[in-house]
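Take 1 as the starting number for the sequence shown in the UniProt record's numbering and just add one per residue.
Careful: at least some of the hints might be erroneous.
Stated by the list, open to error - No more than 30 Å apart at the CA atoms, straight line, and that leaves these computed lysine-lysine pairs for DSSO-like:
#1 219 / 188
#2 22 / 188
#3 226 / 276
#4 226 / 43
As the list claims (entries may be wrong) - Distance ranges between label pairs, derived from CB positions:
#5 285 / 8: 30 to 36 Å
#6 8 / 352: 33 to 39 Å
#7 186 / 308: 54 to 60 Å
#8 263 / 96: 32 to 38 Å
#9 292 / 75: 54 to 60 Å
#10 75 / 23: 19 to 25 Å
#11 262 / 75: 41 to 47 Å
#12 262 / 65: 48 to 54 Å
#13 276 / 126: 21 to 27 Å
#14 295 / 72: 50 to 56 Å
#15 275 / 344: 26 to 32 Å
#16 275 / 96: 21 to 27 Å
#17 263 / 64: 43 to 49 Å
Source of the hints: derived by calculation from the structure; they are not laboratory data.
Bear in mind the structure is a predicted one, so any value in this text is a computation, not a measurement.
Backbone N, C-alpha and C define an ideal beta-carbon position, used for all residues, glycine too.
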Amino acid sequence: MATLSEARRLVVKIGSALLVDKQTGALRQDWLNSMAADVARVKARGADVVLVSSGSIALGRGILKLPPVALPLEQSQAAAAVGQIRLARAWEEALAPHGITTAQVLVTLEDSASRRRYLNSRATMETLLGFGAVPIVNENDTVATDEIRYGDNDRLAAQVAVTVGADQLILLSDVDGFYTANPGQDPKARRYDVIHQITPEIEAMAGDAGSGLSKGGMKTKLMAAKTATGAGCAMAITEGSVLTPLTALEEGANATWFTPQMDPHAARKGWILAMKPCGVLTVDAGAAAALAQGRSLLPVGVTRAEGAFGRGDPVMIRDAEGRALGQGLTRYTAEEAQAIIGHHSSEIEQVLGYPGRAVLIHRDDMAL
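Between the sequences and the hints, there should be enough to build the whole structure, so can you do that?
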C-alpha cells in the first residue's frame, strides 16, 4: 500500500466544502493556513505538489450574496468569475509565508482530450514545477457551456495527475474513505483500507451523495480512481476537514487507497506506443545515440520528416537505416518540422519567424 511520505509528485484535490463555510460563505482561513503548512512540509522533502482546488463558485456566491440554491448557468459563471480572483489570492497569501510561489492554471476536462492542448498543459505545469511553484488548478467555470458540477473536479484532478505524471493523488473528502454503503445511512457500512481493483461490485456500492456546496459523490471518485490507477498513480480518499489533513493522513488517519496498476512512466510509454503514428522522423547517428541515452529529440539531429501531422500527434522515429527506434508526440506540425530539421534550436525563431520550443519531441513524450 502507498504511503504519503513516499510521494515524489503529489496532486491534492480540495473540495468547496473544505475551503468555504457552508453557513456564511466565508473562507475557512484556519484550515487553509494549515493546508499551506502541509504543502510546505511535503515540498521540503523534495516532492512536487499540484493543488486542484474547487471553491470559486462557492466564494463568489457569498460575495455576490446569491441564495444557497441551484443557480442558473449565467449566475454560476458570474459567481465563478468573482470567486476565482478571491480563491487565487487566498492560496497565494497562504503559501507565500512559506516561500512558495503559486500559479493559477484554469483548464477543462476537454483539455486532456486534445493532444495539442494536453501538450500545452503538460509543458506549462512541468515548467512551473521545475521552478518550484505550486500550480493551483481549477476548472474554467466562467466559460462552461454545460451545467457546472463541482464533482467534475474529482475527475479533473485525476486527469491532472495523469498529465503531470504524478505517483499519488489525494482526494480530500467529507468522508474518511470508500465504504460498502453510505455510512451515514447504514451503521453496518464497512470502510475499505485498500482497493486493488475496481470491480462491478465496488461500483455498485458507490452512491450519489453531496454536501450542499459540493456535488461530487463516490461515483465521480471511482471514475477518478480508474483514470489515476490506470496510469500508474496511487489514489487515496480521506477526511479533509481536519486541520493539516495531509499530516493526519501520513500519521495514520483513516483512508482508502486505490493501488496503481503499473508504474506511471511505463503506463505513459505504453499509451504513446499504442497510438497509430501520423508521420515519420528520420534521425542521424548522433541523434540516435542521444535518444538511447534518454535525451530529447532536437531538430538538428533530424534528417527527414514525412507525413501530415499536427502538433501533439504521434510520429515514428527511425534511424538512417530505416530501423524503428520508437515514437513520440511531436511539438511541431509537419510543415514546421520540415522547416526546422537540421537547424540548431537557437535558430528556430529565425527560421519560423516566431519563438518555438527547443525540442521536436521531449523525452517525456517519447517511448523507445
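Here's how the hints hold up against the structure:
Simply put, residue 219 and residue 188 have alpha-carbon atoms about 20 Å apart, close enough for the 30 Å limit, and the pair holds. Between the alpha carbons of residue 22 and residue 188 the distance comes to roughly 29 Å, so the proposed pair stays at or under 30 Å and holds. As the CA atoms of residue 226 and residue 276 are separated by approximately 24 Å, the hinted pair is consistent with the 30 Å bound. Annotation: proposed proximity of residue 226 to residue 43 holds, straight-line Cα distance about 27 Å (limit 30 Å).
Between residue 285 and residue 8 the beta carbon distance is about 34 Å. The supplied range of 30 to 36 Å therefore holds. Between residue 8 and residue 352, the C-beta spacing of about 36 Å keeps the proposed range 33 to 39 Å intact. Here the CB-CB span from residue 186 to residue 308 is close to 57 Å, well matched to the stated 54 to 60 Å. Taken as a hint, the range 32 to 38 Å holds for the pair residue 263 and residue 96, whose Cβ atoms sit roughly 35 Å apart.
Here the CB-CB span from residue 292 to residue 75 is close to 57 Å, well matched to the stated 54 to 60 Å. At about 20 Å, the beta-carbon gap between residue 75 and residue 23 stays in the expected band of 19 to 25 Å. The hint said 41 to 47 Å for the Cβ distance between residue 262 and residue 75, and at roughly 44 Å that hint holds. Between residue 262 and residue 65 the CB atoms are about 49 Å apart, so this pair conforms to the stated range of 48 to 54 Å.
Distance hint for residue 276 and residue 126: a CB-CB separation of about 26 Å, consistent with the stated range 21 to 27 Å. The supplied range of 50 to 56 Å is met by residue 295 and residue 72, whose beta-carbon atoms lie about 53 Å from each other. Separated by about 29 Å at the C-beta atoms, residue 275 and residue 344 satisfy the suggested range of 26 to 32 Å. At roughly 42 Å, the beta carbons of residue 275 and residue 96 sit outside the given window of 21 to 27 Å.
At roughly 46 Å, the beta-carbon separation of residue 263 and residue 64 lies within the given 43 to 49 Å, and the hint holds.
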